[in-house]
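Use these hints to put chain B onto chain D, whose structure you have.
Spelled out, the chains give:
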Amino acid sequence: MTDKLKQANQFIRALPHARALGMQLQTLELGTAIISMPYADRLVGDPKTGVIHGGAVSALMDTACGAAVMSHPSHPAGTATIDLRIEYLRAATPGQAITTEATCYHVTRSVAFVRATARDEDSETPVAMATGTFTVEGGK
Amino acid sequence: MTKRPAPEPVQIVKQRRDSVLRALVEGVPYVQFLGIAFERRGDELTGVMPFKDDLIGNPILPALHGGATAAFLEVTAIITLSWAFIWEDMESGALDVSDLSHVHLPRLPKTIDFTVDYLRSGLPRDAYARARINRSGRRYASVHVEGWQDNRDRMFAQATGHFVMPQRKG
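First to last, the sequence lines map onto chains D and B. The numbers in numbering that gives the first Met the number 0 rise by one with no breaks, and the one at position 111 of the first sequence is 110. The numbers in numbering that gives the first Met the number 0 rise by one with no breaks, and the one at position 159 of the second sequence is 158.
This is chain D alone, in the form it adopts within the complex:
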């Protein structure tokens, strides 16, 4: 693990809610963040199937999108979610980790635009996709 990634991971671990969900940062560079969340019983939304709750996927998406904004070359000093839309394509396979890749593809003086895709371990079809806009706090 590079020093920069190690540092970024410490940052993610300092977010209590991200830590509570067991999120781990895999990649963070130039406006792209990859964060994974291991399967855990406490994240289950439907006890009959063992499928992870959409809300936990939302939290993962939101964290990855925020991290992507922070890693953008324009170096925003801070960010907050303005709007986040998530489409749930299919149920995540019980027992598998979910990994989200988020890309911040455009930043203006005040707004960052982000897209993200969440996958589990076994299929080409994503579990969920997200589109979000984020604030850009005092750049440079």
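Source of the hints: derived by calculation from the structure; they are not laboratory data. Note that CB positions come from ideal geometry on N, CA and C, so glycine has one too. One or more hints might be untrue.
[Said to hold, decoys possible] Just the calculated beta-carbon pair ranges, DEER-fashion:
no., chain 1, residue 1, chain 2, residue 2, range
1, D, P46, B, E87, 18 to 26 Å
2, D, T26, B, R167, 42 to 50 Å
3, B, D53, D, L4, 44 to 52 Å
4, B, R138, D, H74, 45 to 53 Å
5, B, R134, D, Q25, 39 to 47 Å
[Claimed, not checked] For the chain D half of the interface with chain B, some residues (derived, Cβ under 7 Å), not all of them:
no., residue
6, F10
7, L14
8, A19
9, G54
10, A55
11, L83
12, E86
13, D119
Showing chain B alone in chain D's frame:
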């Protein structure tokens, strides 16, 4: 003139509704993990998410994590939708709720999409949410949720979601 049946004693009615609601909410591990509870007045539900450190996203402000807010609003939408779906069968007796350990509650609605509008940062305080079912058909439902904290008139987030409804048997 036929004699009208005596109305059900209020305690029986309340006990039935509260126990079904409890079974619905306590059956979802993630709802328990977030610490979300529901208050009921008649058929109206209010979601309550008591503040705890685990919900913080920005430790410097501090502010609630956007993901915790999204999850809270989505949980409120799903429970409200499921509650409305169960209500009629629960009240008519079609859903036997005499033994909740064996009652077969219907499957939960499945989220198709969910859009959260973050209006202001979530304070380190308890949060409340109420959902309005704008349309509920045989297969799909559209739900709007409002979340607030100290002041009912100052929402900190709102959301709209679409859901696939569970299929009724028979």
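*Check each numbered hint against the structure and report the violated ones by number, ascending.*
3, 6 and 13
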